[in-house]
Amino acid sequence: MSDIAIRAENLGKQYHIGALQLAGGRYTYGSLRDSIANAASAPFRIVRSWIGRDQKVNDTDPTIWALKDVSFEIKRGDIVGVIGRNGAGKSTLLKLLARITKPTTGRAEIHGRVGSLLEVGTGFHPELTGRDNIYLNGSILGMKRAEIARHFDEIVAFAEVEQFIDTPVKHYSTGMYLRLAFAVAAHLETDVLLVDEVLAVGDYRFQEKCLGKMRDVATTGRTILFVSHSMASIQRLCKRAIEISGGRIAADGTPAAVIAQYIGGSLGDTFTEAADPVRPTITRAALVLKEQALLLSVDFESPFTLTPPVFGFVIYNSLGTPVFGTNNTADPISPPPQPSRAGRFEVAIPADHFRPDRYLFSFWLGDPFTDYCVREMVLQVELNGSVGGGLPTEGNGNIYLNTEWRYETVPQSKPL
Amino acid sequence: MMPTGTDPGTANTAFAGIGLDSHPVTVIEPSKGWVAIKLSELWEYRELLYFLTWREVKVRYKQTALGAAWAVIQPLFTMLVFSLFFGRLAKVPSDNIPYPLFCLAGLVPWTFFANGLSQSSTSLVTSSNLISKVYFPRLTIPLSAVLSGAVDFTISLALLVCAMVFYRQVPPVRCLYLPLFFLLAFVTALGVGLWLSALNVKYRDVRYTIPFLTQFWMFATPIAYPSSLLREPWRAVYGLNPMAGVVEGFRWALVGADTAPGPMIAASSCAAMLILVGGSFYFQRMEKTFADVV
Numbered sequence: 001m002s003d004i005a006i007r008a009e010n011l012g013k014q015y016h017i018g019a020l021q022l023a024g025g026r027y028t029y030g031s032l033r034d035s036i037a038n039a040a041s042a043p044f045r046i047v048r049s050w051i052g053r054d055q056k057v058n059d060t061d062p063t064i065w066a067l068k069d070v071s072f073e074i075k076r077g078d079i080v081g082v083i084g085r086n087g088a089g090k091s092t093l094l095k096l097l098a099r100i101t102k103p104t105t106g107r108a109e110i111h112g113r114v115g116s117l118l119e120v121g122t123g124f125h126p127e128l129t130g131r132d133n134i135y136l137n138g139s140i141l142g143m144k145r146a147e148i149a150r151h152f153d154e155i156v157a158f159a160e161v162e163q164f165i166d167t168p169v170k171h172y173s174t175g176m177y178l179r180l181a182f183a184v185a186a187h188l189e190t191d192v193l194l195v196d197e198v199l200a201v202g203d204y205r206f207q208e209k210c211l212g213k214m215r216d217v218a219t220t221g222r223t224i225l226f227v228s229h230s231m232a233s234i235q236r237l238c239k240r241a242i243e244i245s246g247g248r249i250a251a252d253g254t255p256a257a258v259i260a261q262y263i264g265g266s267l268g269d270t271f272t273e274a275a276d277p278v279r280p281t282i283t284r285a286a287l288v289l290k291e292q293a294l295l296l297s298v299d300f301e302s303p304f305t306l307t308p309p310v311f312g313f314v315i316y317n318s319l320g321t322p323v324f325g326t327n328n329t330a331d332p333i334s335p336p337p338q339p340s341r342a343g344r345f346e347v348a349i350p351a352d353h354f355r356p357d358r359y360l361f362s363f364w365l366g367d368p369f370t371d372y373c374v375r376e377m378v379l380q381v382e383l384n385g386s387v388g389g390g391l392p393t394e395g396n397g398n399i400y401l402n403t404e405w406r407y408e409t410v411p412q413s414k415p416l
Numbered sequence: 001m002m003p004t005g006t007d008p009g010t011a012n013t014a015f016a017g018i019g020l021d022s023h024p025v026t027v028i029e030p031s032k033g034w035v036a037i038k039l040s041e042l043w044e045y046r047e048l049l050y051f052l053t054w055r056e057v058k059v060r061y062k063q064t065a066l067g068a069a070w071a072v073i074q075p076l077f078t079m080l081v082f083s084l085f086f087g088r089l090a091k092v093p094s095d096n097i098p099y100p101l102f103c104l105a106g107l108v109p110w111t112f113f114a115n116g117l118s119q120s121s122t123s124l125v126t127s128s129n130l131i132s133k134v135y136f137p138r139l140t141i142p143l144s145a146v147l148s149g150a151v152d153f154t155i156s157l158a159l160l161v162c163a164m165v166f167y168r169q170v171p172p173v174r175c176l177y178l179p180l181f182f183l184l185a186f187v188t189a190l191g192v193g194l195w196l197s198a199l200n201v202k203y204r205d206v207r208y209t210i211p212f213l214t215q216f217w218m219f220a221t222p223i224a225y226p227s228s229l230l231r232e233p234w235r236a237v238y239g240l241n242p243m244a245g246v247v248e249g250f251r252w253a254l255v256g257a258d259t260a261p262g263p264m265i266a267a268s269s270c271a272a273m274l275i276l277v278g279g280s281f282y283f284q285r286m287e288k289t290f291a292d293v294v
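Chains as they are written, first to last, in the working numbering: chain A, 1 to 416; chain B, 1 to 294.
If you are wondering where the hints come from, they were derived from the structure by calculation, not from laboratory data.
Every residue, glycine too, gets a C-beta built ideally from N, C-alpha and C.
Just so you know, not all the hints are guaranteed correct.
From the derived model, a few chain B residues whose C-beta atoms are all more than 12 Å from chain A [claimed, not checked]:
| no. | residue |
| --- | --- |
| 1 | PRO24 |
| 2 | VAL25 |
| 3 | TYR99 |
Pairs of lysine-lysine, DSS-like flavour, derived with a Cα cap of 27 Å [unchecked claim]:
| no. | chain 1 | residue 1 | chain 2 | residue 2 |
| --- | --- | --- | --- | --- |
| 4 | A | LYS213 | A | LYS75 |
| 5 | A | LYS102 | A | LYS144 |
| 6 | B | LYS202 | B | LYS38 |
| 7 | A | LYS144 | B | LYS202 |
| 8 | A | LYS144 | A | LYS170 |
| 9 | B | LYS62 | A | LYS170 |
| 10 | B | LYS38 | A | LYS144 |
| 11 | B | LYS202 | A | LYS102 |
| 12 | A | LYS239 | A | LYS75 |
| 13 | A | LYS213 | A | LYS68 |
| 14 | B | LYS202 | B | LYS62 |
| 15 | A | LYS68 | B | LYS202 |
| 16 | A | LYS170 | B | LYS58 |
| 17 | A | LYS209 | A | LYS170 |
| 18 | A | LYS68 | B | LYS288 |
| 19 | B | LYS58 | A | LYS209 |
| 20 | B | LYS38 | A | LYS102 |
| 21 | A | LYS102 | A | LYS75 |
| 22 | A | LYS239 | A | LYS213 |
| 23 | B | LYS288 | A | LYS102 |
| 24 | B | LYS288 | B | LYS38 |
Given the sequences, and given the hints that come with them, work out the whole structure.
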């Protein structure tokens with residue numbers, strides 16, 4: 001027998017973009033009238049193409065490959081993370097493997113019972129009680145009634161909704177609803193599980209609980225293909241990661257290597273953006289390394305007065321884990337910024353506190369009440385200083401603090 | 001890990017014991033053109049069909065003041081209006097049956113058909129969140145929409161029984177054929193529902209044609225008038241409208257209309273089967289694009 005759980009060979013999915021919204025990877029629907037109009041004009045187009053005047057006859061039905069020539073094998077019991085930017089083809093890949101849509105080319109084989117969690121709470125009906133929805137959602141996900149009944153108490157306990165189990169879910173808080181939905185999904189007992197971003201639900205504590213559950217599932221020998229934007233989750237859960245870019249596999253390897261390539265991509269040390277007529281915008285951000293300091297300067301413009309402007313940044317390491325973040329509310333500026341429509345923030349960050357790594361910066365700009373402009377991971381800087389006494393970053397952390405040490409010899413308490 | 005082999009549905013895979021390679025293999029490939037109807041797969045998903053139907057039934061009359069009474073009100077009031085205008089004023093013949101009873105015997109199966117038709121036609125679009133997120137045989141969606149109407153049908157059938165008691169109409173022995181006529185109405189509703197639901201995914205125009213279609217079809221069906229107005233071979237030809245066979249069948253089986261509708265019902269059964277088989281193939285052919293288009 002083979003120990004392969006999923007094998008994909010040259011999988012490809014082509015979409016017609018005549019009426020396609022690319023972001024969702026779906027067509028919009030046409031009306032019969034459009035089709036009739038199209039059919040009526042088709043003969044003319046064909047004749048024109050015979051005459052050879054109109055070379056662009058195919059442009060009336062342009063297509064795009066959302067996924068192309070994707071081949072990989074996943075071993076039984078592996079947890080594989082899939083990363084990529086929006087529209088890269090991650091979701092299309094999951095939809096193909098989950099049999100929601102058919103591939104245009106290629107072939108894939110999945111060995112074992114397949115379960116897919118592309119969304120939490122699929123098929124939940126607001127008028128039905130929590131109890132009813134557990135059965136309904138479970139059966140939609142492919143569980144047998146006996147299986148749901150066996151796990152029923154566990155699901156309710158996991159979701160922490162014991163008191164409300166016979167209340168219609170429309171009266172649930174968002175948190176309760178999501179917890180219940182995830183709880184059902186988490187008890188799906190299939191050999192192969194295809195998961196899309198479902199961990200992005202609930203508060204921090206519940207997310208941790210979900211991650212823990214996923215890890216438990218993994219230890220039972222099941223195979224998981226896991227699409228996520230959370231580098232930290234992929235880092236913690238997966239043994240292997242695949243990056244998809246432009247519908248193709250761009251990288252395949254250990255999560256650390258793939259994530260490093262993915263977020264490092266093509267960022268430089270300056271970022272510029274045109275001012276927006278309706279929203280405050282960070283128009284320019286630049287990083288300069290001068291002696292032992294990283295100098296960050298950020299310009300903004302706003303169509304209205306920010307009273308006063310508030311700017312913040314977060315620094316991530318090359319694995320995408322936040323290392324440090326602050327803002328001028330936490331670290332007040334003196335004299336404080338005046339209400340203004342344009343300005344420049346300058347921050348000096350001591351570089352000698354960072355071990356060698358590649359660091360990425362996210363920014364946000366707002367006033368004390370609202371964040372108007374958020375730009376995630378838009379700058380990067382490589383720090384190669386001798387900070388850290390030669391200890392590697394991996395295993396010792398990104399932050400290096402100037403620790404004070406003392407030593408003295410003490411007499412042995414009991415002579416040997 | 002607990003194997004789920006105790007379940008009869010997976011027994012064949014669990015039977016091979018320790019061998020993990022006994023697991024089912026799912027093959028994902030492009031498919032083209034007409035494909036065979038996978039009835040075995042539908043059977044595998046029977047529990048889902050049950051839950052979807054149960055959901056439809058459970059939520060149908062939620063947050064309505066009158067609840068399931070609506071299942072009675074619809075045919076009852078249509079019957080009253082028809083009795084007044086067609087029975088009293090226009091003096092439409094009714095095969096020697098009291099006109100209200102004559103009319104109600106047609107309206108009860110018709111209401112089931114019309115509701116099943118409109119529910120199933122829009123079912124795929126209203127379940128688009130399911131279709132784009134989970135795999136299961138799509139056939140279960142329109143099927144559950146029609147099936148859920150059976151509850152309303154049972155309620156309105158009780159109304160018909162009340163009317164029969166009121167008119168002291170004893171049902172003849174041939175009322176045992178009634179399930180067959182119900183099945184015929186079911187097959188017709190499902191067949192048309194399959195065609196329209198698959199079309200509706202691509203062309204939302206369908207939604208606008210449904211009220212028009214059901215109204216038109218109602219007058220093309222002998223509900224307010226008897227099909228005995230026609231002579232025989234024409235009456236059988238009329239049976240090509242499957243609902244004509246259903247309605248005349250109901251009258252024959254329940255309220256004892258003496259117009260033996262044999263040839264008509266044969267024609268209706270053939271027409272209904274054709275619609276269902278054609279609808280199934282068309283549905284199956286379009287199925288693979290639903291998630292992309294809906």
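Far enough from chain A: is every CB of that chain over 12 Å from the CB of TYR99 of chain B? holds, 40 Å
If you draw a straight line from the CA of LYS213 of chain A to the CA of LYS68 of chain A, is it 27 Å or shorter? Given pair LYS213 of chain A, LYS68 of chain A is violated - Cα atoms ~33 Å apart, limit 27 Å.
27 Å Cα cutoff - pair LYS62 of chain B, LYS170 of chain A: holds, 12 Å
Satisfaction of hint between LYS75 of chain A and LYS102 of chain A, Cα-Cα up to 27 Å: holds, 23 Å
Verify this label for me: PRO24 of chain B is non-interface relative to chain A, using a Cβ-Cβ cutoff of 12 Å. violated, 7 Å
Sort out whether LYS288 of chain B lies within 27 Å of LYS68 of chain A, counting only the CA atoms. Roughly 19 Å between the alpha carbons, so the hint for LYS68 of chain A and LYS288 of chain B holds.
Does LYS75 of chain A lie within 27 Å of LYS213 of chain A when you go C-alpha to C-alpha? Holds, at about 21 Å.
Between LYS239 of chain A and LYS75 of chain A, does the CA-CA distance stay at or below 27 Å? holds, 11 Å
Pair hint outcome, LYS202 of chain B versus LYS102 of chain A [Cα-Cα no greater than 27 Å]: Distance of about 17 Å is within 27 Å: holds.
Take the C-alpha atoms of LYS288 of chain B and LYS102 of chain A, compute the straight-line distance between them, and say whether it is at most 27 Å. holds, 6 Å
Sort out whether LYS38 of chain B lies within 27 Å of LYS288 of chain B, counting only the CA atoms. Cα-Cα ~13 Å, so holds.
Holds or violated: LYS58 of chain B to LYS209 of chain A, with C-alpha atoms at most 27 Å apart: Distance of about 33 Å is beyond 27 Å: violated.
In summary, the structure is inconsistent with hints 1, 2, 7, 13, 14 and 19 from the numbered list given earlier, while agreeing with the others.
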